[in-house]
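Undergrad: Going down the list, the protein sequences come from chains A and B. Here our numbering is used: position 55 in the first sequence is 62, and no number is missing along the way. Here our numbering is used: position 173 in the second sequence is 517, and no number is missing along the way.
There may be inaccurate statements among the hints.
Cross-link-like lysine to any residue pairs, in silico, SDA-like; alpha carbons within 20 Å at most [to be verified]:
1) Lys46/A to Asp667/B
2) Lys46/A to Arg385/B
3) Lys510/B to Pro456/B
4) Lys46/A to Ala527/B
5) Lys515/B to Trp381/B
6) Lys46/A to Leu30/A
7) Lys515/B to Pro538/B
8) Lys46/A to Arg530/B
9) Lys46/A to Ala379/B
10) Lys537/B to Thr558/B
11) Lys510/B to Tyr496/B
12) Lys46/A to Thr383/B
13) Lys515/B to Ala527/B
14) Lys46/A to Gly380/B
15) Lys46/A to Arg386/B
16) Lys46/A to Trp381/B
17) Lys46/A to Asp587/B
18) Lys46/A to Ala376/B
19) Lys46/A to Ala494/B
20) Lys46/A to Ala514/B
21) Lys46/A to Gln493/B
22) Lys534/B to Ala514/B
23) Lys46/A to Thr617/B
24) Lys510/B to Glu525/B
25) Lys46/A to Tyr496/B
26) Lys510/B to Ala528/B
27) Lys46/A to Ala390/B
No lab work stands behind these hints: they were computed from the structure.
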Amino acid sequence: MTTSATFHPLARLLHWTMALLILAMLFIGVGMVGTVSPKHSWLLAIHRPLGLAILLLAVMRLTIRLRRRPPALPGDMPRWQCYLAHASHWLLYGLMLAMPLIGWAMQSAGGYPIMLGDAWRVPAILPENAALFAWLREAHRYLAYLFLLTILGHVGAALYHALIRRDGVFQSMALGVRDRGRVEEDTDLVEEAEATTSPPRPE
Amino acid sequence: MLDPLDTPPSPRLAWRWITIGVTVGLLAAAFAYVAGWLTPRRLTPARIVNALQDNSGLHPGFRRNHAKGVCVSGYFESTGAAAPYSSASVFAPVRTPVVGRFAIPGGNPYAPDGGTPIRSLALRFNLADGQQWRTGMNNSPVFAVATPQAFYEQVLASRPDPATGKPDPAKLAAFFAAHPETAAFRTWAKTAKPSASFGTENYYGLNAFYLIDTASQRHAVRWRVVPEAHDDSPSAHAADDSDYLTRDVQQRLAQGPLRWHLLLTLAAPGDPTNDATQAWPADRTSVDAGTLVIEREQAQDSGDCRDINYDPTVLPHGIAISDDPLLPARSAAYADSYLRRTNEEAGAPGAPHVDAHSAERKP
Ligand code: HEM
Ligand code: HEM
């Protein structure tokens, strides 16, 4: 069976855009709760609309991912590495949907109006409930930490493919790489690891 | 393709591993730095709230400041007079429901009412369009400090001495000497007597904001509410009564609603918007935006105000924060205090247990 050796160009564009946005959101998030300076207010004003934009992009991205089979992982990768790659990718997809939804839900439960900019308000998705707010707010924090850890592992793995194994996995997600197509010997439904947030390195 | 296991270790390969380690390590370190984990001296919301909590002791479920209070509700009847200055729908000639809270400062929910001359009123206006306006006001016409750092130092200087249970006068004196901007507040505090009623006080928003009109013009503003009731003759409370304020509100509301006028004071060019220790000159134009009518009260441990964070930066379209550095600090610190107390209410793991009030009560 013939599959592409690289991700769909739109998938690659989304990947790198979202990589930047999500990393920015993690830093904006901890930055704003860690300061009493005016940064707190303007970071919070960016955080909400950007978070909801990520939700939209994540839905788009998942739709593409479910419709188009991604390039396969190299056949000689150890099983545990393939397993980790798949598990971490689904965790990343889960978190990029869950984080904005939890943010939205917790602000609803806290009784806050959810303003995107000065005039535009999105509706609450949960009734006001302080206990629910507390649980969701804690989830927003600890899942953010899990998100960062997963991303760190993902960056490490991508660089491992790019620098140590040099097996084309990184190239499959890199921007500006032309899709050459390749014949797959192995159609085990193995997926290709996605590359990450670090700049592509020429090999 | 190279298999790393088949190639002899080379210095180049070592460098590649180092590159990977450094990239991942730098990202992690940058995150920890931005979060404030590497800089224990940076003033964070959590450190301010810890300091407040250290002064008053831990009272799970209660606000970490202004812990003692009472929930109230009613409405705001706008005259429409402020509509030329702000497009906020609360200033159209309409009635907007309000959930409020009267309180006294400090983190001790059992503090005696006569122990401080400061009284506060927090309000949440629920606008018809789903937007909100939240504000927290005190009865002093100026605030003691202008910056979060000074606020923090004041909290540290006010820490009760374990021996006397009172702040160390020497530390307070040193704080005031180092902070001359506190002078106007201290002058007020010297003559202010603890009022016998919440209902007879002026409450000042203190921080400056902007009203934004339909032409997107900004007007720097400070607001206050001015009571219609003036009689605060000590309504028959015994000298040793330390909880008279709530009883007074109950008694007054049993007779009928309490009313305040919401006055919006517009700045003249040059009036400071970033310094809550300085009052604006008395001749500035004030607009009477309407009447705040308080009709009902509820106990704060079950009332509607309990689960509200009166974050003064929650504003409707048509009102915006100014460059006052206290505003973002209040927003950040109130959120931290709110998370602590809602965690305690939720019984979240690790959160201090909310005790029965009688058991919690300290002499
Ligand atoms: C990809 C999406 C998102 C990411 C990665 C993210 C990340 C974060 C992080 C790391 C924090 C700091 C947590 C802490 O240290 O306690 C945070 C806080 C916060 N997030 Fe998000 N967030 C996302 C989406 C949203 C959305 C959509 C909203 C609201 C509509 C939201 C509202 C908030 C609020 C209000 C806080 C701070 C609350 C406070 O001051 O206590 N977030 N977020
Ligand atoms: C940086 C300076 C300030 C800090 C750090 C601070 C801190 C706090 C905290 C932690 C709370 C408890 C919030 C909650 O759990 O809901 C609180 C309540 C309150 N503060 Fe401040 N505060 C500051 C300045 C001010 C100023 C300038 C005013 C007056 C204009 C003010 C008025 C109030 C009022 C009225 C409440 C009680 C709100 C309620 O009844 O729920 N505070 N403050």
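Undergrad: Is the hinted pair Lys46/A and Tyr496/B satisfied, with a Cα-Cα distance of at most 20 Å?
TA: 18 Å, holds
Undergrad: Within 20 Å, alpha carbon to alpha carbon, are Lys46/A and Asp667/B?
TA: Judged against 20 Å, a Cα distance of about 11 Å means the pair holds.
Undergrad: Could you grab the alpha-carbon distance between Lys46/A and Ala494/B and see if it respects the 20 Å cut-off?
TA: Answer holds: Lys46/A to Ala494/B is near 18 Å, not above 20 Å.
Undergrad: What's the verdict on Lys510/B and Ala528/B, does the C-alpha distance respect the 20 Å limit or exceed it?
TA: 23 Å, violated
Undergrad: For the pair supplied as a hint, Lys510/B and Pro456/B, confirm whether the alpha-carbon distance does not exceed 20 Å.
TA: This hinted pair holds, its Cα atoms lying about 14 Å apart.
Undergrad: Quick one, are Lys46/A and Ala379/B close enough, alpha carbons at most 20 Å?
TA: This hinted pair holds, its Cα atoms lying about 13 Å apart.
Undergrad: Are Lys46/A and Thr617/B close enough, with their CA atoms no more than 20 Å apart?
TA: Holds, at about 18 Å.
Undergrad: Would you mind confirming whether the straight-line C-alpha gap from Lys46/A to Gln493/B stays at or under 20 Å?
TA: Holds, at roughly 15 Å.
Undergrad: Is Lys515/B within 20 Å of Pro538/B, Cα to Cα?
TA: 24 Å, violated
Undergrad: Compare the distance between the alpha carbons of Lys46/A and Arg530/B with 20 Å, and conclude whether the hinted pair is satisfied.
TA: 30 Å, violated
Undergrad: For a C-alpha distance cap of 20 Å, please report whether Lys46/A and Gly380/B respect it.
TA: 14 Å, holds
Undergrad: Are the Cα positions of Lys46/A and Ala376/B separated by 20 Å at most?
TA: 17 Å, holds
Hints 4, 5, 7, 8, 10, 17, 20, 24, 26, counting from the list given before, are not met by this structure.
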